[in-house]
Every structure is written in structure tokens, then in C-alpha cells.
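Participant: So the sequences go chain by chain: E and C.
For the first sequence, this note's numbering assigns the number 1 to the initial residue and increments by one for each residue that follows.
For the second sequence, this note's numbering assigns the number 1 to the initial residue and increments by one for each residue that follows.
Just so you know, nobody snuck in bad clues.
Identical chains share a label here; the pair holds if one copy fits it or two copies do between them.
Straight line, CA to CA, 25 Å or less: simulated SDA-like cross-link-like pairs of lysine to any residue:
no.	residue 1	residue 2
1	LYS29	LEU133
2	LYS29	ASP140
3	LYS127	ILE42
4	LYS108	ARG121
Since the hints were made in silico from the structure, they are not lab data.
Number of protein chains: 2
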Amino acid sequence: MARDTRVRWALEEASQPYGVRLVSFHALKEPAHVALHPFGQIPTYEEDELSLFETGSIVFHIAERYGRLLPDDANARARAITWIFAALNTVEPPILELATARIIEADKPWHKERMPLVEDRVRSRLKQLSARLGDADWLDGAFSAGDLMMVSVLLRLKSSGILNEFPNLAAYVARGEARAAYKRAFAAQLAINAGGPTAG
Amino acid sequence: MARDTRVRWALEEASQPYGVRLVSFHALKEPAHVALHPFGQIPTYEEDELSLFETGSIVFHIAERYGRLLPDDANARARAITWIFAALNTVEPPILELATARIIEADKPWHKERMPLVEDRVRSRLKQLSARLGDADWLDGAFSAGDLMMVSVLLRLKSSGILNEFPNLAAYVARGEARAAYKRAFAAQLAINAGGPTAG
Numbered sequence: 001m002a003r004d005t006r007v008r009w010a011l012e013e014a015s016q017p018y019g020v021r022l023v024s025f026h027a028l029k030e031p032a033h034v035a036l037h038p039f040g041q042i043p044t045y046e047e048d049e050l051s052l053f054e055t056g057s058i059v060f061h062i063a064e065r066y067g068r069l070l071p072d073d074a075n076a077r078a079r080a081i082t083w084i085f086a087a088l089n090t091v092e093p094p095i096l097e098l099a100t101a102r103i104i105e106a107d108k109p110w111h112k113e114r115m116p117l118v119e120d121r122v123r124s125r126l127k128q129l130s131a132r133l134g135d136a137d138w139l140d141g142a143f144s145a146g147d148l149m150m151v152s153v154l155l156r157l158k159s160s161g162i163l164n165e166f167p168n169l170a171a172y173v174a175r176g177e178a179r180a181a182y183k184r185a186f187a188a189q190l191a192i193n194a195g196g197p198t199a200g
Numbered sequence: 001m002a003r004d005t006r007v008r009w010a011l012e013e014a015s016q017p018y019g020v021r022l023v024s025f026h027a028l029k030e031p032a033h034v035a036l037h038p039f040g041q042i043p044t045y046e047e048d049e050l051s052l053f054e055t056g057s058i059v060f061h062i063a064e065r066y067g068r069l070l071p072d073d074a075n076a077r078a079r080a081i082t083w084i085f086a087a088l089n090t091v092e093p094p095i096l097e098l099a100t101a102r103i104i105e106a107d108k109p110w111h112k113e114r115m116p117l118v119e120d121r122v123r124s125r126l127k128q129l130s131a132r133l134g135d136a137d138w139l140d141g142a143f144s145a146g147d148l149m150m151v152s153v154l155l156r157l158k159s160s161g162i163l164n165e166f167p168n169l170a171a172y173v174a175r176g177e178a179r180a181a182y183k184r185a186f187a188a189q190l191a192i193n194a195g196g197p198t199a200g
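Bound conformation, chain E alone (with noise of 0.2 Å):
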């Protein structure tokens, strides 16, 4: 569930290669590291003299530059870069908080008696999102780098049952999970978690 999945399938739905360089927990927070990302996290992106973090810019970046994931149209671009910045600034703390309550407050004496206010904020926005989406395959027409971010955003849940809640949002996670792209990202994810080889 690395946030770097996001940049694969991003580079695999644009059809390009790339390269990985891991990064060991130790050295996220040494210097060389937090000159490329300042929050010493991952994933980090390199092209040539361009170097990025945070997912949802290159997430973009690869949008912009390589084409597929935004629609031609100037107001339909707008409409799915949009979608970007709700999974990740509307949708994505919420789920954030969840993980932060259930991972980093679980021995915490409150524990058991917060989690059902968080879950219940974390409901309310899939309620919203659910609403919206209806029975549509994708949030605004043709798939799109805003649905690769919620999709994404929506995967986090997977393991805690809520998003099984709400039928079309599950359907529509599936439907992400079922691209070629995605699966391509996710087996060579996995491939490295697994212990294959790495790079750099």
C-alpha cells in the first residue's frame, strides 16, 4: 500500500519505462534523501534535471507530459485535475486519521473508544463520494488521472471492511484494480516486497 503504486500505474498507464531506486527506512531521513524530499518520504521522481515529490504532483507530471490520463478538453481537464485534489486533500485525511488512530494510537487508552468516531468521518466522506459517482464507471467520463488518485486514496480502506459499505464505491475500486496498468504496478510492487531485485 506504498504510496509509490500511484507513480507506477501512473507510468504505466502513460506506457512509459522507468527505473526504481530503493530507499531504506534509515535513509529517509538522511540528508541526501531530504534534499529530494523534504518530508523524507516516498516515492521521490527523477527526470533528467527534474526532481519531484509528492504523488499527486507526479501523478500530474506524468498527466501532463505524456499524455492519456487528462482529457484533451481545457474544462474536462479542470474537471479531472479536480479529482486529483479532492482524493487527496478531501478524501485521503480522513482515511489518513484511520490509519494514524488503528497504527499509532492503538495502545493508546482511548483507542477503543475513538475509533468509531473516526470510521464515522471516514464514512461520511464515501457517502458523499458514493452519491456522486452513482452508477457511473469513472468520476467524470473517460477514466483519468483523477480516478487513478482516488482509486488509490480508496485501496487504503481496503482491509477494514468500510469501503465493502458502499457497493458502487467497491465496484468502482475494483473496476481500477481490474486495468492492465494497475496490475503490471502492483505485481512489480509486489515483486520487490517479495525480495526481487533491486535497484540502485
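Based on these hints, arrange chain C on the given structure of chain E.
Facilitator: Leaving out everything else, chain C in the frame of chain E:
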């Protein structure tokens, strides 16, 4: 501290005239507004046939359409966009969590014990941001939409005292507030809050 200040500020930086349509708290969840904003929030943005939500997307659209808020150089532009995403997806989430802890969970039995934890998550982000900014005026060269968004996000902390623990960030926010465009946006916002004339 409403998010529409961000949009006003961007429009002022771009020297674009705009009209304001206020939305009552009750109308936020009504179908007419939800059609414009699926999550029932403000602000929304309307321009000819285009309607957008999400401040990140609206500010980016204004920057892209009217110039002045994004550098011309392609790499510098991609880095400025990165800071928009960093502000919204990395720096704002712990600040939102702090606001939630302060307001929505203020009456919970765990409130007092949990607050330092939540504040420290904000501090750890600010520490990283402070290290990156150093003694520069803005995050990457000239003032950009990335700074506009980062300053706006940090402004949410103004009343907390946490910002003042990082003098270079406090000065950075003050530089943002000192811009003529910000002053015009803030004054216009204040006039409405004070019960001035309303449109729509």
C-alpha cells in the same frame, strides 16, 4: 479562516475581477450546491461553462489560466505545483487533525491527554518545512501558487502559538500576509464576515 480566502487571494494576485455568491450553512447540503460540490463545502468556482471545487484545483486553474502564479520554466513550474500538493496533502492533514481534536473532540474524555500527541505531529511537519525554507523568502525562487497555498495552510495555526516556535515560518507567513493581493482578499473577506453587502 475559510478556504475561500485562498481563491480570493489567487484572483487578486492574477488581477482578475470576480463576483461572490454566498452560500448559507443550510444550503451546503442541498442538491443545488451538492451538484457543484459533491462534498457540500465551500468554495466552488464558476467561469462560463466550467464549474470547479477544491481550493487546490481552483487556485491551480487560476494560476494556469491567468499566469503570474506559476513560473514559465517547465521544471520550475512542476516544482511550484509540487508545493501546492505538499501544502494540501502533507502539511495540512495534521493541521486539520489538530482542528478536529480542538473543536469536534474538545468534550471527549481523552481530549487533554491526546492534544500533545496531535500537536507534535504538526510540529514534526513544521520542523521539516522550516529546515527546507531556511532563510529564503519563498519555497522555490519567486512567490508562486505553491507559496500561496502553503502560507494559507500555515495561517490556520496562527491562533495556536505553534507557528511561533518556528521563527522562519512565522516570518514566511508574515511575508505572505504583507502582499497587497493578500490584504485585498482578506479585507474583502472581512467585509462579508462583518455583515457587509452580499451578492446572490
